[in-house]
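Chain A is already provided as a structure; the job is to place chain B on it using the hints.
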Amino acid sequence: MDSGTLALQYLLSGVTKGSIYAVVAIGFNLIYSATGVLNFAQGEFVMLGGMVAVTLAHFVPLPVAVTGAVMVVALVGCLLEIAFFRRLRHHSILHMIVITIGLSIVIQEAALHIWDEKVRSLPYFSGNEISSIRFLGAAVSPQVLWVLGTVGVLVLLLHLFLRYTLQGRAIRACSSNPEAAMLVGINISNMRTLSFGLSAALGAIGGCVISPITMTHYEMGTPLAIKGFAAAILGGLGNPMAAVLGGLTIGILEAFSVSKLPAAYSDVTAFTVLLLVLFLRPHGLFGSPVGESVREY
Amino acid sequence: MRKWFVVGIAVCLLAAPLFAQKTSSKPIKVGAIFAVTGPASFLGAPEEKTARMLVDKINADGGVLGRKIELILKDSGASPEKAVSFAKQLIDEDKVLAIIGPSTSGETMQIKQLCEENEMILVSCAAAEVIVNPVAKYVFKTPQKDSQAITWIFRTMEDLGIKKIAVLSSNDGFGNAGKKLLEEMAGPAGIEVLVDEVYDKGATDLMDILTKVKSAEGVQAVVNWSIVPAQSIVAKNMKQIGLEDVPLFQSHGFGNLKYVEQAGVAAEGTLFPAGWLLVVDELPDSHPQKKVLATYKKDYESLYKEDVSTFGGHAYDALMLVVEGIKKAGSTDREKVRDAIENIKEFVGTAGVFNFSPEDHTGLSLDAFEMLTVKDGKFTVYKK
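These protein sequence lines map, in sequence, to chains A and B.
Sequential numbering from 72 applies to the first sequence in our numbering.
Sequential numbering from 2 applies to the second sequence in our numbering.
With the rest of the complex left out, here is chain A:
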């Protein structure tokens, strides 16, 4: 394999991984922008999306299964918010973050009991386990293109929603200035529920589209959440496109690291770069400093 093709292959493998991280990062980003909460159960939403879709796919065609899974997980997201966050006496952000960590553990165990420990996956959306598309000598699975396409569409839809619809603007208002939002009659709690539900739905779609690549199993949430969180931070919290770029960057960095160093160091490389970026630009590569309208789009 000549070095040009080789470099391209590494790049494509990096994009594959990066797109998976991006899928999780978008959801992280939305809840943070809307409510200031870092949702460490985001990985579990991704996992649930895949699991529910796999179960449904036994009975209905794939697109219906995916839609059904997204609706179910969105509902779960809303219910979790209502059950755990509304009752809080002090809506301290720190409390809510810790609660999401607890939720992540509970959801994992619940998934284990509902579905058992086996690994499962959705069928490839197009092609099968061995099909691959060739670009100039390098190969990539068609499913990766599905992931990238889905991520792109989601970012676009999210942008349109937040900019041009009433609910979207209400969410932005809450994040920008909660007291003012309340004064003009926006129900903060409802907006938080909505953003959890949306974020869960985003995670679920992500879980479905990455399922053929990564396999779906009850434990997949935590490692995904860690990488997704890192991606969101690297990109800069507050901007969905930045989350995607952050994810792709981490994926490509890991692939680059594998090309030069033993593969065991790929995580080290990615996190070292993350730390360096944070030292130099604490708000991430594409985010704007806190205080400015970080959450304005």
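Do not take every clue at face value.
[To be verified] No more than 25 Å apart at the CA atoms, straight line, and that leaves these computed lysine-lysine pairs for DSS-like:
#, chain 1, residue 1, chain 2, residue 2
1, B, 27, B, 58
2, B, 299, B, 58
3, B, 259, B, 384
4, A, 189, B, 292
5, B, 298, B, 50
6, B, 376, A, 189
7, B, 259, B, 306
8, B, 27, B, 292
9, A, 189, B, 202
10, B, 30, B, 50
11, A, 189, B, 259
12, B, 50, B, 379
13, B, 50, B, 292
14, B, 69, B, 329
15, B, 299, B, 379
16, A, 331, B, 181
17, A, 189, B, 165
18, B, 165, A, 331
19, B, 69, B, 299
20, A, 189, B, 50
21, A, 189, B, 299
22, A, 189, B, 83
23, B, 165, B, 181
24, B, 298, A, 189
25, B, 50, B, 259
26, A, 331, B, 202
[Said to hold, decoys possible] Beyond 10 Å from chain B on every Cβ pair, some chain A residues (computed):
#, residue
27, 131
28, 178
29, 241
30, 249
31, 264
[To be verified] Which stretches of chain B does chain A cover? Using the computed rule of at least three CB atoms under 8 Å from a CB of chain A, they are:
#, region
32, 41-50
33, 198-206
34, 236-249
Hints were generated in silico from the structure; no laboratory data involved.
We treat Cβ as the ideally placed atom computed from N, Cα and C, and that holds for glycine.
Positioned in the frame of chain A, the structure of chain B alone reads:
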């Protein structure tokens, strides 16, 4: 005087049945520590199901020495700390005759010393060589040795003329153990390891590592030592990146048809060493293991509606070895049962035919393994 004597005899006669009942219906307690939930549940879940199924079957057939077996099951979740505390419980409180399990080598090593000191029979379902090397009087194990699996892999490579390979392994205990053994045994087998990479066991995609494999000139085969889901991901990525003609060898951890289904078409042609359980239909009736394997497969699959796996088989072997020890010793005295187990010869289990001795507490030889492959989505014996 006479009257009291008669009354005394009558009382004894009346009370006698009570005593007789108690001793013959007192169950034989056998402890079991399995990782039913948690990261090793693919081992512990089928093991637990197998143990329960067997105990019910034995008890329905009248038990052992006329007594029922009481299985005291503990779920360690693959945590060595829990395994230690359960072992202590089983030894001190429940005072079981023997313990079967644990499912993983890490847990077994933590309780090996404990059982030896307390003179508790331990028949482990974990594979690491250190469990029986150095030999501890009371500790046995039922799976084949990792080194035997690797010997088979290298033998097949020699037949195929493969001299240069890539070794991929996951960063957990199983992967590390396999990697070390592969590195040690490759040189003497005349095989050169060109690429040697470790990946995170929760890795979602391995295209980058396989790019490295593809870029290394002359790799003739890839050996992957991990458990799911990485087993399936490697298989798929290899085909996607264009390494279809390079044979993929998996570890004996590939022993469940579910893994073939998950990798779909990409699993075709995978080579891995395993016991005969997975291809029992291809065994001639004259093979010593045929009856045991066929019965186990039928019972398990009809009861639990899932494919049988070699892991559940280890629990079958462990429990049946204890039962055989009790039968041979004709008693439930722990010393006698231990001696009986240590002298078991030609015992047909699922992993192979066991021959124990004071020096060999594993009991299986190289022909407990066979090289299998995947053809048309099914396991079959690999023929050159």
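Structure-based check of each hint:
no.: 1; hint: 27(B) x 58(B); in the structure: holds (18 Å)
no.: 2; hint: 299(B) x 58(B); in the structure: holds (13 Å)
no.: 3; hint: 259(B) x 384(B); in the structure: holds (23 Å)
no.: 4; hint: 189(A) x 292(B); in the structure: violated (29 Å)
no.: 5; hint: 298(B) x 50(B); in the structure: holds (13 Å)
no.: 6; hint: 376(B) x 189(A); in the structure: holds (23 Å)
no.: 7; hint: 259(B) x 306(B); in the structure: holds (13 Å)
no.: 8; hint: 27(B) x 292(B); in the structure: violated (31 Å)
no.: 9; hint: 189(A) x 202(B); in the structure: holds (15 Å)
no.: 10; hint: 30(B) x 50(B); in the structure: holds (18 Å)
no.: 11; hint: 189(A) x 259(B); in the structure: holds (9 Å)
no.: 12; hint: 50(B) x 379(B); in the structure: holds (23 Å)
no.: 13; hint: 50(B) x 292(B); in the structure: holds (20 Å)
no.: 14; hint: 69(B) x 329(B); in the structure: holds (17 Å)
no.: 15; hint: 299(B) x 379(B); in the structure: holds (17 Å)
no.: 16; hint: 331(A) x 181(B); in the structure: holds (23 Å)
no.: 17; hint: 189(A) x 165(B); in the structure: violated (34 Å)
no.: 18; hint: 165(B) x 331(A); in the structure: holds (21 Å)
no.: 19; hint: 69(B) x 299(B); in the structure: holds (24 Å)
no.: 20; hint: 189(A) x 50(B); in the structure: holds (15 Å)
no.: 21; hint: 189(A) x 299(B); in the structure: holds (21 Å)
no.: 22; hint: 189(A) x 83(B); in the structure: holds (23 Å)
no.: 23; hint: 165(B) x 181(B); in the structure: holds (17 Å)
no.: 24; hint: 298(B) x 189(A); in the structure: holds (20 Å)
no.: 25; hint: 50(B) x 259(B); in the structure: holds (17 Å)
no.: 26; hint: 331(A) x 202(B); in the structure: holds (21 Å)
no.: 27; hint: 131; in the structure: holds (20 Å)
no.: 28; hint: 178; in the structure: holds (15 Å)
no.: 29; hint: 241; in the structure: holds (35 Å)
no.: 30; hint: 249; in the structure: holds (36 Å)
no.: 31; hint: 264; in the structure: holds (30 Å)
no.: 32; hint: 41-50; in the structure: holds (count 3)
no.: 33; hint: 198-206; in the structure: holds (count 7)
no.: 34; hint: 236-249; in the structure: holds (count 7)
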